[in-house]
Amino acid sequence: MTKIVGLVNVFALLSLLAVGGGTAVLPQMKHDTADIHHWVTDTQFAEIYSLGQLAPGPNMTCVILIGYEVSGWVGAAAVLFAFFFPSSLLCYVVSSAWDSARGSPWRDAVQRGMAPIVIGLMLAGVYAVGKTSSFNLERGWEFNAITLAIGAAVVAVLTWTKLNPTLAILAGGAAGFFLLR
Amino acid sequence: MSEPVPRVSLAQLFGAFALIGVTSFGGGIVAYLRHALVERRRWLDEEEFMAALEISQTLPGLNSTNMSVIVGRKLRGPLGAVAAVLGMVLPGAAIVMVLGFAYVRFRHNPDVAIILAGVAAAAVGLLLQVTLKIGWRQLIKPRDLAFVVVVFFLVGVLHVSLVVTLACVAPLAIWLNRPSADAGKEAE
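Residue numbers (the numbering used here), protein chains in the order written: chain A, 5 to 185; chain B, 947 to 1134.
With the rest of the complex left out, here is chain A (with noise of 0.2 Å):
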């Protein structure tokens, strides 16, 4: 039961953390989860991480792994309300109010003003899951080598073609399965 408050805790704070969006909270969630209590290693957070890519639908309802991890499958669905219905909650009522304040300048400067931040924080999700992912200590260099010329390969692919980034992520699991054995 103090594990379900725990998880509890720690998702309902991340949902209401979230500005833009869920990776905007991933190194806080890698340190909560992983560094804080323990509940999963670094190694399977960035496997759920990456398995959440492979789902459809928003990519963070992976976080749900976390929980079944912990508790099973009340773990999952504590995780799943906490996660999810703080940041829902708080939308609901925002936006009814935020319709009125339509045209005022500060609206903007919220903005404004947050959009480095998030960039900021996006950019610190992605240095945690590559410490784990792109570039791991533990292994060698030529593993290393490949997996970091996996990810350059995805953003150069995404960023000049229309390629479905599931099907990028599907040819980077075919490139392990190929060049990192």
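Treat the hints as calculated values from the structure; they're not laboratory data. Hints are supplied without guarantee of correctness; some may be wrong.
As the list claims (entries may be wrong) - Just the calculated beta-carbon pair ranges, DEER-fashion:
#1 B:R987 / A:A101: 20 to 30 Å
#2 A:A81 / B:R987: 43 to 53 Å
#3 B:V1058 / A:V97: 41 to 51 Å
#4 A:H42 / B:L1104: 40 to 50 Å
#5 B:D1057 / A:W110: 47 to 57 Å
#6 B:A957 / A:A160: 35 to 45 Å
#7 B:L965 / A:N148: 34 to 44 Å
#8 B:D991 / A:A156: 18 to 28 Å
#9 B:V1050 / A:W110: 46 to 56 Å
#10 B:R1051 / A:A178: 15 to 25 Å
#11 A:F182 / B:S1126: 50 to 60 Å
Claimed, not checked - Here are some, though not all, of the chain A residues that point toward chain B, as calculated from beta-carbon distances under 8 Å:
#12 G10
#13 G25
#14 T27
#15 L58
#16 C66
#17 F85
#18 I121
#19 G155
#20 V159
#21 G180
Even for Gly, the Cβ is constructed at its ideal location relative to N, Cα and C.
For this one, chain A is given, so just place chain B on it according to the hints.
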């Protein structure tokens, strides 16, 4: 806003968002939402969609679930919001659970381990690309870039908690972009 709100049942709302939830891959959910809500079903016009997106991006929470809340609320009130969010989240959650079980079952298989390492490496690339695509404007503007770097270091490297970081940095960032400051700049 002058047009009457279309009459949509809760089941239709749930179904429409569930369909978006299972067919959208790779984080580009906004494009799928626009196609389904504006072009196909005409539940919102272009302007209403952009307004909803603006709110979704400013408030905490995922863009996709915030959009579901706003559109659900607009069409059917509180229950509509619930139906839309559940539609958006549940199918993907079910598929993630299935993937999770497959992962637990097969993760010690060496072939699966290297495939997953490749998938994870590609996922980092996807995340970086999305960040660059959304953020290039901030990365080329010196003052914004300074905020990007500071936030990156505080949260990513020094592990300062997100609450503390936001409480310190956000007011400053919003203040620097305050309406009067901007009016002064335009006048220069």
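Cross-check of the supplied hints:
no. : hint                         : in the structure
1   : B:R987 / A:A101: 20 to 30 Å  : holds, 27 Å
2   : A:A81 / B:R987: 43 to 53 Å   : violated, 30 Å
3   : B:V1058 / A:V97: 41 to 51 Å  : holds, 44 Å
4   : A:H42 / B:L1104: 40 to 50 Å  : violated, 21 Å
5   : B:D1057 / A:W110: 47 to 57 Å : holds, 55 Å
6   : B:A957 / A:A160: 35 to 45 Å  : holds, 43 Å
7   : B:L965 / A:N148: 34 to 44 Å  : holds, 40 Å
8   : B:D991 / A:A156: 18 to 28 Å  : violated, 41 Å
9   : B:V1050 / A:W110: 46 to 56 Å : holds, 48 Å
10  : B:R1051 / A:A178: 15 to 25 Å : holds, 21 Å
11  : A:F182 / B:S1126: 50 to 60 Å : holds, 59 Å
12  : G10                          : violated, 16 Å
13  : G25                          : holds, 6 Å
14  : T27                          : holds, 6 Å
15  : L58                          : holds, 6 Å
16  : C66                          : holds, 5 Å
17  : F85                          : violated, 10 Å
18  : I121                         : holds, 5 Å
19  : G155                         : holds, 4 Å
20  : V159                         : holds, 5 Å
21  : G180                         : holds, 2 Å
Hint compliance for this structure: hints 2, 4, 8, 12 and 17 are not met, and every other hint is.
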